[in-house]
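J.: One letter stands for each residue in the lines below.
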Amino acid sequence: MPPVAGADDWVLVTEEPLPVAEALDWAVLPSCGAVVTFCGTVRDHSEGRDGVVALEYECYREHASPRLAAVAGSARSRWPELGRIALLHRVGELGLSEVSVVVVASAPHRAEAFDAARHCIDTLKATVPIWKRERWAGGSDWASCAHEPREASDVSR
Amino acid sequence: MPLLRVFGPARDAAGTAGEQFPGADVGAVLDAACERYGPGFADVLRRSAVWLNGEPATRAHAVGDDDEVAVLPPVSGG
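Chains as they are written, first to last, in the working numbering: chain G, 1 to 157; chain A, 158 to 235.
Some hints here could point you the wrong way.
Partial chain G-side listing against chain A, Cβ under 8 Å, derived [unchecked claim]:
1. Pro3
2. Tyr60
3. His63
4. Ser100
5. Pro129
Derived SDA-like pairs: lysine to any residue, alpha-carbon spacing no greater than 20 Å straight-line [as the list claims (entries may be wrong)]:
6. G:Lys125 <-> A:Ala206
7. G:Lys125 <-> A:Arg204
8. G:Lys125 <-> G:Glu151
9. G:Lys125 <-> A:Pro213
10. G:Lys125 <-> G:Thr14
11. G:Lys125 <-> G:Glu81
12. G:Lys125 <-> A:Ala185
13. G:Lys125 <-> A:Pro231
14. G:Lys125 <-> A:Glu212
15. G:Lys125 <-> G:Arg61
16. G:Lys125 <-> A:Gly211
If you are wondering where the hints come from, they were derived from the structure by calculation, not from laboratory data.
Computed from a prediction, not measured in an experiment: that's the story for all the values here.
Glycine included, each C-beta is placed from N, C-alpha and C at the ideal position.
My request is simple: use the sequences and hints to build the entire structure.
T.: And the structure:
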């Protein structure tokens, strides 16, 4: 499941449950003393909307993974000392508490690992062509907190 | 003919995920789509980004048979 031997970026868009533990294991390197993992999970409410029971994600399949790779690239340009970066996003229908997105960043020291992981999730949300529809007991609609898509290279730190 | 792909709210408004439209540039393809799908789609288009073959595009970009124009409403991954 991880990328070919030697690659230090792992990007994935899949309908299967995300391999969180595998991504964490993969990111650990002898040269890195810090590994930060961020998981985004399905929440039961959003802005002005209670009782959310599921999220349905769709993506622009051909361009979602390249955009994830661009996010990783933008992190590397800011923190060249980064070890490994995993950016994994699930699509399809997800129930409450399921993991929709995973960011893992390893670095020699914790400051860069935390900063890079934060940068990656923020940039991912602003640039990767993925949309989520929220479903609640009485209906469903597209998420209201959405961003006009930008390029990873244009997102400031 | 260029292929138009639409996502999220734009797909709902169009009632389809994509189809081919005649047109020599991005603007012509989008105008043809608005004509077919109606004002609901035009509303979504106004707040959407437009890509040509995976890169941001303007209405003036020329398109041909193998090109793909995409309408991307505000993204909400994560």
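J.: Tell me, in ascending order, the numbers of any earlier hints that this structure violates.
T.: Structure breaks hints 1, 11, 12.
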